[in-house]
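Asker: Those sequence lines, one after another, are chains A and B. Here the working numbering is used: the first residue of the first sequence is 1, the next is one more, and so on. Here the working numbering is used: the first residue of the second sequence is 1001, the next is one more, and so on.
Derived by calculation from the structure, the hints in this document are not laboratory data. C-beta atoms are modelled at their ideal positions from N, C-alpha and C, and glycine is treated no differently. Accuracy of the hints is not assured; some may be wrong.
Unchecked claim - Residues of chain B clear of chain A, computed beta-carbon distances all greater than 10 Å:
| no. | residue |
| --- | --- |
| 1 | Thr1023 |
| 2 | Pro1068 |
| 3 | Glu1138 |
| 4 | Lys1292 |
Said to hold, decoys possible - Calculated pairs, PhoX-like style, for lysine-lysine (alpha carbon to alpha carbon, straight line, at most 20 Å):
| no. | chain 1 | residue 1 | chain 2 | residue 2 |
| --- | --- | --- | --- | --- |
| 5 | B | Lys1236 | B | Lys1134 |
| 6 | B | Lys1142 | B | Lys1335 |
| 7 | B | Lys1036 | B | Lys1306 |
| 8 | A | Lys312 | A | Lys81 |
| 9 | B | Lys1117 | B | Lys1101 |
| 10 | A | Lys299 | B | Lys1117 |
| 11 | A | Lys6 | A | Lys54 |
| 12 | B | Lys1103 | B | Lys1117 |
| 13 | A | Lys281 | A | Lys299 |
| 14 | B | Lys1142 | B | Lys1236 |
| 15 | B | Lys1197 | A | Lys299 |
| 16 | B | Lys1380 | B | Lys1208 |
| 17 | B | Lys1117 | A | Lys278 |
| 18 | A | Lys6 | A | Lys81 |
| 19 | B | Lys1193 | A | Lys299 |
| 20 | B | Lys1101 | A | Lys299 |
| 21 | A | Lys181 | A | Lys146 |
| 22 | B | Lys1021 | A | Lys161 |
What the hints assert, rightly or not - Just the calculated beta-carbon pair ranges, DEER-fashion:
| no. | chain 1 | residue 1 | chain 2 | residue 2 | range |
| --- | --- | --- | --- | --- | --- |
| 23 | B | Gly1057 | A | Asn287 | 26 to 36 Å |
| 24 | B | Gln1371 | A | Thr272 | 30 to 40 Å |
| 25 | B | Gln1053 | A | Val209 | 32 to 42 Å |
| 26 | A | Ala301 | B | Ala1315 | 31 to 41 Å |
| 27 | A | Val111 | B | Gln1053 | 32 to 42 Å |
| 28 | A | Asn287 | B | Glu1269 | 25 to 35 Å |
| 29 | A | Ser462 | B | Glu1223 | 50 to 60 Å |
| 30 | B | Arg1254 | A | Val155 | 28 to 38 Å |
| 31 | B | Glu1269 | A | Val111 | 45 to 55 Å |
| 32 | B | Gln1371 | A | Ile403 | 40 to 50 Å |
| 33 | A | Leu340 | B | Glu1161 | 37 to 47 Å |
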Amino acid sequence: MKHFWKIIGWLCLGLFNIFSVWGAFFLFGKGFYELSVTFFVLIVLIDYFILNKKSYPYRYMIPAVILLFILVLYPITFTIKTAFTNYGTGHIMTRQEVIDRLLTDPVYTYVPENAKEYRYEIFIRYDGIKPTNDYKVLLTSQNGEKYIMGEIKVVRMQAGKMLLGEAQMVPLDRAGLNIIKEDGNIIAIVEDGKTYRYFYSPYDPETRVNEIFFKSQVGFPVLSKVEIVDPENNRLSLRFSEDGSLRLRTVRHLYRLSLAEVQEKGKTVVKTVLFNDKTNKPLIEENGTFYDLDENGEKVAIMGYISYIGGKNFSRIFMDPTVSGPFTKIFLWNFTYAALSVLFTFVIGLSFALVLNNRTLTGKAVYRTLLIIPWAIPAFISVLIWKNGFFNETYGIINRFIITNVFKGNPLQWMTNPFWAKVAVLVVNTWLGFPYMMTVSLGALQSIPDELYEAASIDGASKSQRFWKITFPLLMTTIAPLLVGSFAFNFNNFVNIYLLTSGGPAIPNTSTPAGATDILISYTYKLAFEAGRGQDFGFASAISILIFFIVAGISFVNFKISGSFEEVNR
Amino acid sequence: MRKWLVVITAILMMLSVFAVKLTIWTSEAQVDILTKLADEFKASYGIDVEVVQVNFGDIKSKFLTAAPAGEGADIIVGAHDWVGELVANGLLEPIPILPDKDKYLPVPLKAFTFNGKLYGVPYAIDGPALIYNKDYVEEPPKTFDELIDLAKQINEEYEGEVRGFVYDYKNFYFSSYAFFGYGGYVFGEKGGKVNVKDIGLANEGAVKGLNLIKRLVDEGLLESGDNYNVMDGLFKDGQAAMIINGPWAVPGWREAGVDFAVAPIPQLEPGVDPKPFITAQGFMINAKSPNKLYAIEFLTKFIATKDVMFRIYQADPRIPSRSDVLALVDDKVTKDFADFLGTYGLPMPNVPEMAGVWGAMGDALAKALDQGIPVEQALKEAVDTILAGIK
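Just need the whole structure built from these sequences, with the hints factored in.
Answerer: Below, the structure is given as structure tokens:
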């Protein structure tokens, strides 16, 4: 029995290996190199953990390792990689994909002025009395020459579906088919004993009833994606004509690959470049975008692709005055915001915890529940309530009732004065954050042994002495790392800022969307996604890497400092 | 012989199974009617259409993720200002021929046109107009001078319990009427193409427009706490006499039992008409879909017909984009909106560069109206911000 399970185990491992190695190769072939490498490393690690006796305990870490690789390490490498590219609006495909599309996509074709038109007739094989998907296309040129459409060769695929195919025209007399005629019209074609009967032609009103079957079974799924090449090498394709019917007409590709002399770094080189077939001019490739020249010789962007741009995204953060200008201001506020948020939440949370920890207090459970509510309500809801219900300058409760009615003062400019906006942001963030600190402090307080206090009171220590000499140091050993974590969290607390003030009020005399309450993450979010032209993932990645280093640095220093509290423990 | 074959096939048509399928992504307002229409389309055209409900706000982002990978819907239903970004990413297919093109209002067609090509079949337009509560206003004001007098009168009469005039004035969308009425513009046009380097948001017209809004604030009509929620809440509670809002909010007012009517936004000064932003809603085709021709067939031969458009209107009453559909509508509110927006509405630019305009102009409005920064300076800073983002 033991052997049986062992064999099953080995089989499972074998299967797992086969599938994951195949998966990794598949991903590699599709161009997902980072993910593929991640996969390979994972497979090796998992096999090592299982096969090596010494690494027995690591087996239980396999799920964690898988998640670490897929959810943490891979996204990090992807972010780093993206930070060096121009990935964003207008640049979301690879260069190869773009060239491929420009050369083959029907959008980039045109019907020339003296386009040839062929009549087409569809012959379908019947299964009993049911039409099938097996068909022949009979083509007739304007001079009456008859051809049959040959086999379709796939030119371009996407996700297992043909996007573009190609077929030759074979003269009817050389196609080796038997033809059955009636009144001079071809009514059936016979090939290898299979009979194809006349079914549909857009020029024959009698066959109109079959139009739907033709379009849904043959015309749209297959024929519309095929270019039929006639003996003179004209490419014909189905196109909607002015009256809305599908006609087979000469199409020409707007772009073609051709050799040309190009100026590159002062030298003339012969290179394969894309040519515009209409104007016969090469396309210009600049900044990861293909440009075409229009009739007036002006550059028109056709399509962009993802290209490596080196450290441009990073240098933009520092060198571009429109970005770096308000950077210091925002950085300082960001630091203050995070620090004050931690301080306020901690002080308030600890005060409540001390009160709740008092043994003489009755109804603790009720108070504790009430005090945890701010933490329990989703921030998305409560922040909007604060914004509209409390801080609205005209209708908010604070201005309307407290300031103007009770104190008879002037309404405060919560959203338009930088100082009050900062106060508002801090108030809301403190309200949202103190329950967490309270909960944490309560736990820590309960772990402090009572004997210490007894001994202290025998020695005649006052209440404040007991707090500062016993409670606080012991508390900090457990809470200091959490404060550092809270700092890092608040440093990147995007939701609060974005929902409450959207970074506003705007800072005057800047040419960036910088606001007085903007923190780095909200400022850069605006820069990357709400300024310029839509999304700029490359720039956003560069900034998130920078923010990571800032937060990591601050946390490192903070840990060093908070490490000093640990001496109490020794 | 030929005829006989044809008849047999016609009968069999109904029995055969069709393997091809179109997918549409749309938001909840149109899902039911489109599902019904899809069934009809299948019955008469033999093509399966699957209607998938996606939140309106998620359609564009989902499409941007799925379409480049060759997945995602064949057709999406959305707003015209997505066109620029999607075309820049190579994801939209132009509509080659739109039947009855002359039956459409010019505004929605212009909205869906990008670099001279039509990228969507419009079915509705949205935009702001003046809405007034009939309990307080008998005759809507014709000019802003009249509006200011009337609003002040109402403010005094009800001692602040009812606001004469309130709207989300710090939002560029709702305040656009003043900028463009006086001759401001977002991006200039040259030979049918949008020139994003030519920004007309700090020109004489824009300054005049912003000064008009500043006057409304200075006269004490608009208050610094006004925003969309305040306006909507006050109007529903009968505490606002005149607001500026769009047709999407009509069901809410009806539910609240407000006796309202729609009027054009008043002339900025005698002879100067307001020109508000409008949004066109329409159907767009995925350029990377393998089913492009079906999608074109579905949209141009079926959806873009008068009857179907009217049925879409009945299910989701927005202002129809076709004038012959509009003629069938007997709802006065829709007609009043259509009369004003169809004549004076200006489609929001659909270029991707528009992304930077909203924030910059919002900041400019806040700076000039709240923080007391001179109008010219605030607008100039906005233009600088937009330009800095584009280069």
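Asker: Now tell me if each hint is right for this structure.
Answerer: Outcome of the hint check:
no. : hint                               : verdict
1   : Thr1023                            : holds (14 Å)
2   : Pro1068                            : violated (5 Å)
3   : Glu1138                            : holds (27 Å)
4   : Lys1292                            : violated (7 Å)
5   : B/Lys1236 <-> B/Lys1134            : holds (13 Å)
6   : B/Lys1142 <-> B/Lys1335            : holds (18 Å)
7   : B/Lys1036 <-> B/Lys1306            : holds (16 Å)
8   : A/Lys312 <-> A/Lys81               : holds (13 Å)
9   : B/Lys1117 <-> B/Lys1101            : holds (13 Å)
10  : A/Lys299 <-> B/Lys1117             : holds (18 Å)
11  : A/Lys6 <-> A/Lys54                 : holds (18 Å)
12  : B/Lys1103 <-> B/Lys1117            : holds (18 Å)
13  : A/Lys281 <-> A/Lys299              : holds (12 Å)
14  : B/Lys1142 <-> B/Lys1236            : violated (24 Å)
15  : B/Lys1197 <-> A/Lys299             : holds (14 Å)
16  : B/Lys1380 <-> B/Lys1208            : holds (14 Å)
17  : B/Lys1117 <-> A/Lys278             : holds (18 Å)
18  : A/Lys6 <-> A/Lys81                 : violated (43 Å)
19  : B/Lys1193 <-> A/Lys299             : holds (12 Å)
20  : B/Lys1101 <-> A/Lys299             : violated (30 Å)
21  : A/Lys181 <-> A/Lys146              : holds (14 Å)
22  : B/Lys1021 <-> A/Lys161             : holds (13 Å)
23  : B/Gly1057 <-> A/Asn287: 26 to 36 Å : holds (31 Å)
24  : B/Gln1371 <-> A/Thr272: 30 to 40 Å : violated (57 Å)
25  : B/Gln1053 <-> A/Val209: 32 to 42 Å : holds (35 Å)
26  : A/Ala301 <-> B/Ala1315: 31 to 41 Å : holds (39 Å)
27  : A/Val111 <-> B/Gln1053: 32 to 42 Å : holds (38 Å)
28  : A/Asn287 <-> B/Glu1269: 25 to 35 Å : violated (46 Å)
29  : A/Ser462 <-> B/Glu1223: 50 to 60 Å : holds (53 Å)
30  : B/Arg1254 <-> A/Val155: 28 to 38 Å : violated (56 Å)
31  : B/Glu1269 <-> A/Val111: 45 to 55 Å : holds (51 Å)
32  : B/Gln1371 <-> A/Ile403: 40 to 50 Å : violated (20 Å)
33  : A/Leu340 <-> B/Glu1161: 37 to 47 Å : holds (40 Å)
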